[in-house]
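Trainee: Residues per chain, in single letters:
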Amino acid sequence: MARLSGLQRDVLSLYRKCLREIRKKPVESRDNFKAYTRAEFQKNIFIGKKDFTAIEYFLRKGQRQLEMYSSPGIRNIR
Amino acid sequence: MLRSAIVRSLRASVPRAVRTPASFQIRSSPIARPAQFTPRFAYQGVRLYSAPAGLNKEEAEGRIVNLLKNFDKVNDASKINGTSHFSNDLGLDSLDTVEVVMAIEEEFSIEIPDKEADAIHSIDKAVEYILAQPDAH
Numbered sequence: 001m002a003r004l005s006g007l008q009r010d011v012l013s014l015y016r017k018c019l020r021e022i023r024k025k026p027v028e029s030r031d032n033f034k035a036y037t038r039a040e041f042q043k044n045i046f047i048g049k050k051d052f053t054a055i056e057y058f059l060r061k062g063q064r065q066l067e068m069y070s071s072p073g074i075r076n077i078r
Numbered sequence: 001m002l003r004s005a006i007v008r009s010l011r012a013s014v015p016r017a018v019r020t021p022a023s024f025q026i027r028s029s030p031i032a033r034p035a036q037f038t039p040r041f042a043y044q045g046v047r048l049y050s051a052p053a054g055l056n057k058e059e060a061e062g063r064i065v066n067l068l069k070n071f072d073k074v075n076d077a078s079k080i081n082g083t084s085h086f087s088n089d090l091g092l093d094s095l096d097t098v099e100v101v102m103a104i105e106e107e108f109s110i111e112i113p114d115k116e117a118d119a120i121h122s123i124d125k126a127v128e129y130i131l132a133q134p135d136a137h
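Quick note, the sequences are listed as chains A and B, same order. In terms of full-length UniProt numbering, the first sequence opens at residue 1 and continues consecutively. In terms of full-length UniProt numbering, the second sequence opens at residue 1 and continues consecutively.
Just so you know, these hints were derived from the structure itself, not from any lab. A hint or two may mislead.
Stated by the list, open to error - Taking lysine to aspartate or glutamate pairs in the EDC-like style, the calculated list, with each CA pair at most 20 Å apart, reads:
| id | chain 1 | residue 1 | chain 2 | residue 2 |
| --- | --- | --- | --- | --- |
| 1 | A | K43 | B | E107 |
| 2 | A | K17 | B | E105 |
| 3 | A | K25 | B | D93 |
| 4 | A | K17 | B | D96 |
| 5 | A | K34 | B | D93 |
| 6 | A | K25 | B | E111 |
| 7 | A | K17 | B | E106 |
| 8 | A | K43 | B | E105 |
| 9 | B | K79 | B | E99 |
| 10 | B | K73 | A | D31 |
| 11 | A | K34 | B | E107 |
Let the sequences and hints guide you as you build the complete structure.
Mentor: Quick look at the structure:
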């Protein structure tokens, strides 16, 4: 893999944080969370490497979503 | 005369008896002792409290290979070997690589900081990292 730009590293770091949060969810719903996370990232895979504003916007959006879903009240997702 | 002889011999022996442990002490200091003895003694105390050092290269590699075999996004399982590159050989994208590294974390019950995790893109890199971690098991 080529050297990653700062933004690319931020995206991967967000994905890693999501996966770490998923570990705190009940075992039976972890796969759902994983599929959902993956789908959310996959939705924006078409965004060009140089489209900084879009990437930053989705990073912020992702961080907010992560905060929301990491609340312990949320046990499953579809 | 006998008494004076005894006193003299005592006087002669006492300083010698005092001197001998002193000279031992000097000799057992790390400067005078051969260097190979000191680390062994220092190490033994630590070993008593720790689990036996567990991982060898083959075991770590085998566990990572097994983990990848169970990973459903690998497009060609026959290509998995000790030096496979995650994206070039196994067809994983960057998100999959993150997933693999997280799975490795879980397998060896360690936590890999982001900076190191970003540098792991191949099985041999992962094995190298795992072996460098003292608390991986």
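Trainee: Please go over all the hints and tell whether each is borne out by the structure.
Mentor: The hints, checked one at a time:
For a cut-off of 20 Å, the pair hint linking A:K43 to B:E107 is broken: about 29 Å separates their Cα positions. Taking the CA atoms of A:K17 and B:E105, the gap is about 13 Å. The hint holds against a cut of 20 Å. At roughly 25 Å between alpha-carbon atoms, A:K25 and B:D93 are farther apart than 20 Å, so this suggested pair is violated. At most 20 Å may separate the alpha-carbon atoms for a hinted pair to count; A:K17 and B:D96 meet this at roughly 14 Å.
Among the hinted pairs, A:K34 with B:D93 is consistent with the structure: their alpha-carbon atoms are about 16 Å apart, no more than 20 Å. For a cut-off of 20 Å, the pair hint linking A:K25 to B:E111 stands: about 18 Å separates their Cα positions. Proposed proximity of A:K17 and B:E106 is supported: the alpha carbons are some 14 Å apart, at most 20 Å. Annotation: proposed proximity of A:K43 to B:E105 is violated, straight-line Cα distance about 27 Å (limit 20 Å).
Restraint check: the Cα-Cα separation between B:K79 and B:E99 comes to about 19 Å, which is no more than 20 Å; the hinted pair holds. Between B:K73 and A:D31 the alpha-carbon distance is near 15 Å, which keeps this suggested pair within the 20 Å criterion. Our distance criterion of 20 Å between C-alpha atoms is met by A:K34 and B:E107, whose separation comes to about 18 Å.
Hint violations for this structure: numbers 1, 3, 8, all remaining hints satisfied.
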